[in-house]
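Enquirer: Here are the chains, one letter per residue:
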Amino acid sequence: MKILVCISNVPDTTARISFTPDGKAFNTSGVQFIINPYDEIALTRALELKESLGGSVTVINVGKPDTEANIRKALAIGADDAIRVNADPSDAYFVASQIAHVAKTGGYDIILTGKESIDYNGSQVPGMIAELLGIPSVSVATKLTIDGTTATLEREIDGGKEIVTTPLPFVASAQKGMAEPRIPNMRGIMSARTKPLAVTEPQGSPAFTVNEKYELPPAKAACKMIPADNPAALIDLLHNEAKII
Amino acid sequence: MPVLVFAESIDGKFKKSAFEAVSYANETAKILGTTTTAISVGNITGDDLKQLGEYGASKILSVTDSRLNNFVNQAYASVIAQAAKDEGAEVVVLSNTYTGKAVAPRLAVKLQASLATGVIQLPSKGDKFTVKKKSFSGKALSEVVCNTPVKILSVAPNSFTIIKSPATPSITAYNPAIPDTDFRSVSGEIVKSSGKVSVTEAEIVVSAGRGMKGPENWGMVEELAAELGAATACSKPVADIGWRPHHEHVGQTGKAISPNLYIAIGISGAIQHLAGVNSSKVIVAINKDPEAPFFKAADYGIAGDAFEVVPKLIEAVKAFKASHH
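So the protein lines, in turn, are chains A and B.
According to this note's numbering, the residues represented by the first sequence are 1 to 245, in order.
According to this note's numbering, the residues represented by the second sequence are 246 to 570, in order.
Okay, chain A solo, but in the shape it has when bound (with noise of 0.2 Å):
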């Protein structure tokens, strides 16, 4: 089973965004930078389904230099070995177009992605990448086994699950669920030094989207209390002050 788990770079969940003062472009000062959490977990299940039916699992990611020490992360967590692709991740199309260049040649039976990730919340990429490559995908899937040729996953859908079966190869993108993410243990840490993590040059595509200008969303107005003892008042407020019951 050979397994390209697909990972980016993002703000850690606990930071506070902000912008340059012309709105142009992300603050990355003082941000820490992880693993996007839905790729971890992605990742896990990619190592728990290697582990089980044997194989192997490579980590990619689109970026400049400095995700490598997320890269390296994912090799301590488990991953056999990566592909950087040295380039911004600007934009959706530009990203899985890289992936999907260089899955064309991996002969990758499974391709994980994370749902989304938690910068620009696109839920672009995987199903980007599965058009590009002409192959089934299955998004925010929180179970995945596979049994022989033929993958059973559950995806989220709108007040329920649904149950899907699809032949390898295919690609998924994970939600929660689908697997718990590990810690890397120190022989994990140690043995990535040496993995290897190979870097290569973008193919020339297109950049479809751009995103131009950020700003916060709009500060709240400060909050109406009421006492306690009588949250009948709260109802009388949410019926004839804001009017939405």
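Since the hints were made in silico from the structure, they are not lab data.
Worth double-checking, as some hints may not be accurate.
Capping the alpha-carbon separation at 30 Å, the derived lysine-lysine pairs in BS3-like fashion look like this [stated by the list, open to error]:
1) B:Lys-526 - A:Lys-243
2) A:Lys-143 - B:Lys-258
3) B:Lys-377 - A:Lys-220
4) A:Lys-24 - B:Lys-377
5) A:Lys-24 - B:Lys-541
6) B:Lys-377 - A:Lys-64
7) A:Lys-243 - B:Lys-533
8) A:Lys-24 - B:Lys-370
9) A:Lys-243 - B:Lys-258
10) A:Lys-143 - B:Lys-261
11) B:Lys-437 - A:Lys-143
12) A:Lys-224 - B:Lys-533
13) B:Lys-377 - A:Lys-213
14) A:Lys-104 - B:Lys-355
15) B:Lys-526 - A:Lys-220
16) A:Lys-224 - B:Lys-458
17) B:Lys-541 - A:Lys-213
18) A:Lys-213 - B:Lys-526
19) A:Lys-213 - B:Lys-355
20) B:Lys-370 - A:Lys-213
21) B:Lys-261 - A:Lys-243
22) B:Lys-566 - A:Lys-243
23) B:Lys-557 - A:Lys-243
24) B:Lys-373 - A:Lys-24
25) A:Lys-213 - B:Lys-275
26) B:Lys-373 - A:Lys-213
27) B:Lys-330 - A:Lys-104
28) B:Lys-261 - A:Lys-220
Some chain B residues near chain A, calculated using beta-carbon distances under 8 Å [as the list claims (entries may be wrong)]:
29) Tyr-343
30) Gly-363
31) Ser-382
32) Lys-384
33) Ala-385
34) Arg-429
35) Thr-445
36) Asp-544
From the three backbone atoms N, C-alpha and C, an ideal C-beta is built for every residue, glycine too.
Please arrange chain B on chain A, whose structure you already have, making use of the hints.
Expert: Same frame as chain A, but now just chain B:
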């Protein structure tokens, strides 16, 4: 060059998000000086199809290929892409739901189109076609410039108000050829979570956290939700320790939601939680700690013990409903 909108349905009925998407598409069509064509997949009655006209669709393509009765993202993408080509659509609108998220990226590749997901405002068309979306898991907003002839926009649920704009639509049966290879993945069983309101589409969400002290105390949360016709949700720690199922977790690494009313009970309001809920229209925080960060993000707050406040609140909701019948 009309705007094409995919109107999602479930069990033969359109979803609220479908009407939001059609409204969004029609308002976009007005900006572009064109008309709105809706595409629907599934066995939907003529009367139900005509509903889309109320929100401005002047033409409706009805796809009834029985192979599409179960959702298959590849095949849906093929059908919508073909419709976009046949209609010469410049903009394609979908809902940013589980279905929309599964279809839109494939559609973008097929149409070589730029895709902006989770958009919250109408596009603006100056020298550039720009649209605003949520980013950084709700901690920020970004303006995305779409640099291709065809643009795909998926509308964040509950973010765009439905606008009535009655039109008398023409209804056309539309069944383009779909390659067999689109049906390699097969949708089997659908397991519904027991008759509850879906948290991502719900207009009211009642959510609770560690302040509830244990899973056995969730009865009052569920009762309050039932009285309000609300969905239930929870904070991350509560899902992580198994008090509540993962699918209820809202926040940065759970579901991002934007209901009309979000009631948070015994949730302190960590930045990761707020990121997933701060686009709710009205937020109520109930917490015994008057310094809880949630009060800074809420519109209304009650500083008090949930075990005393929530039962009283349930009584107040019952009394309100009784007096407004």
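Enquirer: All hints are to be evaluated individually against the structure, with a verdict given for each.
Expert: Hint check results:
For the suggested pair B:Lys-526 and A:Lys-243, the alpha carbons sit about 11 Å apart, so the restraint of at most 30 Å is met. A distance of roughly 28 Å separates the Cα atoms of A:Lys-143 and B:Lys-258; the hinted pair therefore holds under the 30 Å criterion. The suggested pairing of B:Lys-377 with A:Lys-220 holds, with an alpha-carbon distance near 19 Å, which does not exceed 30 Å. A C-alpha spacing of about 14 Å is found between A:Lys-24 and B:Lys-377, which places the hinted pair at or below 30 Å, so the restraint holds.
A threshold of 30 Å between alpha carbons decides the hint, and for A:Lys-24 with B:Lys-541 the separation of about 27 Å falls inside it, so the pair holds. Between B:Lys-377 and A:Lys-64, the direct Cα distance comes to roughly 27 Å. Compliance with the 30 Å bound is thereby established for this hinted pair. For the hint pairing A:Lys-243 with B:Lys-533, the CA-to-CA distance comes to about 26 Å; that is within 30 Å, so the pair holds. With a C-alpha separation of about 19 Å, the suggested pairing of A:Lys-24 with B:Lys-370 holds against the 30 Å cut-off.
For the proposed pair A:Lys-243 and B:Lys-258, the alpha carbon gap of about 28 Å is at most 30 Å, so the pair holds. Between A:Lys-143 and B:Lys-261, the direct Cα distance comes to roughly 28 Å. Compliance with the 30 Å bound is thereby established for this hinted pair. Of the supplied pair hints, the one linking B:Lys-437 and A:Lys-143 holds, its CA atoms being roughly 16 Å apart against a limit of 30 Å. Taken as a hint, the A:Lys-224 and B:Lys-533 pair is honoured in the structure, with Cα atoms around 15 Å apart against an allowance of 30 Å.
Simply put, B:Lys-377 and A:Lys-213 have alpha-carbon atoms about 9 Å apart, close enough for the 30 Å limit, and the pair holds. For a cut-off of 30 Å, the pair hint linking A:Lys-104 to B:Lys-355 stands: about 18 Å separates their Cα positions. A hinted pair counts as satisfied when its Cα atoms are at most 30 Å apart, and B:Lys-526 with A:Lys-220 qualifies at roughly 10 Å. In summary, the hint linking A:Lys-224 to B:Lys-458 is supported, as the alpha carbons are separated by about 26 Å, within the 30 Å threshold.
Under the criterion of a C-alpha separation no larger than 30 Å, the hint pairing B:Lys-541 with A:Lys-213 is consistent with the structure, at around 26 Å. Between the alpha carbons of A:Lys-213 and B:Lys-526 the distance comes to roughly 24 Å, so the proposed pair stays at or under 30 Å and holds. The suggested pairing of A:Lys-213 with B:Lys-355 holds, with an alpha-carbon distance near 27 Å, which does not exceed 30 Å. Using a Cα cut-off of 30 Å, the hinted pair B:Lys-370 and A:Lys-213 holds, with the two alpha carbons roughly 15 Å apart.
A threshold of 30 Å between alpha carbons decides the hint, and for B:Lys-261 with A:Lys-243 the separation of about 20 Å falls inside it, so the pair holds. Between the alpha carbons of B:Lys-566 and A:Lys-243 the distance comes to roughly 14 Å, so the proposed pair stays at or under 30 Å and holds. Between the alpha carbons of B:Lys-557 and A:Lys-243 the distance comes to roughly 21 Å, so the proposed pair stays at or under 30 Å and holds. A threshold of 30 Å between alpha carbons decides the hint, and for B:Lys-373 with A:Lys-24 the separation of about 16 Å falls inside it, so the pair holds.
Our distance criterion of 30 Å between C-alpha atoms is met by A:Lys-213 and B:Lys-275, whose separation comes to about 25 Å. With a CA separation close to 13 Å, the supplied pair B:Lys-373 and A:Lys-213 stays within the 30 Å bound. Straight-line distance between C-alpha atoms of B:Lys-330 and A:Lys-104 comes to about 28 Å, which keeps the hinted pair within the 30 Å bound. Straight-line distance between C-alpha atoms of B:Lys-261 and A:Lys-220 comes to about 27 Å, which keeps the hinted pair within the 30 Å bound.
Against a cut-off of 8 Å between C-beta atoms, the interface hint on B:Tyr-343 holds, since the closest Cβ of chain A lies about 5 Å away. Taken as an interface hint, B:Gly-363 checks out: its beta carbon lies about 6 Å from the nearest beta carbon of chain A, inside 8 Å. Interface restraint check: B:Ser-382 against chain A, minimum CB-CB distance 5 Å, threshold 8 Å, status holds. Restraint check, B:Lys-384 versus chain A: the minimum CB separation of about 4 Å is within 8 Å; hint holds.
Given the 8 Å rule on beta carbons, the hint for B:Ala-385 holds: about 5 Å separates it from the nearest Cβ of chain A. About 5 Å separates the beta-carbon of B:Arg-429 from the nearest beta-carbon of chain A, less than 8 Å, and the hint is met. For B:Thr-445, the interface hint holds, since its Cβ comes within 8 Å of a Cβ in chain A; the closest pair sits about 6 Å apart. Satisfaction of the interface hint for B:Asp-544 is found here, the shortest Cβ-Cβ separation to chain A being roughly 6 Å, below the 8 Å cut-off.
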